[in-house]
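The residues making up each chain are set out below.
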Amino acid sequence: MIEDKDLDIQEETPPPESVIPAEAGTDPTEPASRYPFHNTEWRSEDCKLRNEGLPEEERDWFADARPQPARTSNQIMEKFFNWCRAHSLWILAFGTGCGAIELRPLVTSRYDISRLGMQMRPTPRQASVFVIGGYVSIKTLKRIVRSYEQMQGPKFVVAVCSCAINGGMYWDSYNTIKRIDEYIPVDVYVTGCMPRPEAVMAGFTKLKELIMAGKAEGQNLYAEKFDWYKANQKQVIKDWNMPDYNW
Amino acid sequence: MKELYELLKDRFRLSDFSQKQPVQAWLKVPSDQAVALITHLRDIHGFSHLVMLTCVDWIEQGKFQLTYILHNYHDHKDLGVKVYIDRESASMESIHHLWEQARTYQRELYEMFGISFPGSPGLTDPFILEGWDDMPVMRRDFDTKAYSETHYSHRPREIHEPEEHMKQRMYPED
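Protein chains in written order, with my numbering: chain A, 41 to 287; chain B, 115 to 288.
It should be emphasised that the hints constitute simulated quantities derived from the structure, not laboratory data. Model, not experiment: these values are computed from the prediction. Ideal Cβ placement from N, Cα and C applies to all residues, glycine included. Take the hints with a grain of salt, since some may be wrong.
As the list claims (entries may be wrong) - Have a look at the derived ranges for each label pair, beta carbon to beta carbon:
(1) A:LYS255 to B:LYS259: 51 to 59 Å
(2) A:ILE141 to B:ARG254: 28 to 36 Å
(3) A:ARG165 to B:GLU275: 47 to 55 Å
Sequences are here, hints too, so could you generate the full structure?
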């Protein structure tokens, strides 16, 4: 048994302060702004991403801006938006592991998630829910990170099956990560190997409750702890030949 | 199949013939004659289909056993050709000129066992493990558990004894 200190990945790492834009209104000389993209601090040279995995001539083809936490001011409107988001969950049809096969009954006539406002989308640009359906190998993790970052916010992650949660039967595999929540933020876990479609639908119901309560803030967590997530990802993905942030 | 073995025995240094089913037989051939034998089987005796090419690590003998399974479509018979090569600096002649798909098998064997097939196209491209920098993973002296423990973090295990759990739940003040 190894201790946590032996691992390079530490669970409790404080989010980098400089990444988060300062609260609007703290500086009286600046015009007060409610929105983070009116704040220009994140455009400074220190905050720019280096894209060092790419060849020199390709680095400026891709964005060098970090993700920004979404801040909202009008709580009533936000509650209404959350209600809308909870009732229109579009799932990214991306299969990782055996869960990808087992999720297919959900869209057939017996369980029929389209009556709940859910459907599969073929591209990350149109999806808001990422279902991690099973074991995640290193090769898949690279594609997961890329797809997750390409999804437009607000976005949520549901980790289905025990393999995505703690490694499952691949606990001693050389090629499978054990905790998906160290690489992308997870909102809801569904245990089981395999969970029944009812269990997955219960997970989606829980996700709806979280969204409507305003607690499914995985996207903001990813933006705030971006350096920590990125360090974990780069530690296991040895051939990092993509931009630091794909969007 | 025995007749075929007797026929081939005049031409190649074959040994260890075994047949457990009427349609399936195995034989062993030295590595320097393996490609010649496989070419002969394909062109003369109608074994025109490469079913698979796989490897077994006999670490105690210091050998890799390459197994070429060939299929004959005319009488639907399978012939397994076993070739033993040295485990140290393992190398074998490529058969991608006989079957194009053999390059994929050889690419896999290069990544999983570290067996070199000189001349095989795209041999060193990453197959499954992208950016792998440790020893080939299917060699039996590779310790997958130790690698997993040093490279990936594990979720700590929580154990709930049923007696304690129910006691906490039903009589929390005790």
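Structure-based check of all given hints:
no.	hint	in the structure
1	A:LYS255 to B:LYS259: 51 to 59 Å	37 Å, violated
2	A:ILE141 to B:ARG254: 28 to 36 Å	31 Å, holds
3	A:ARG165 to B:GLU275: 47 to 55 Å	48 Å, holds
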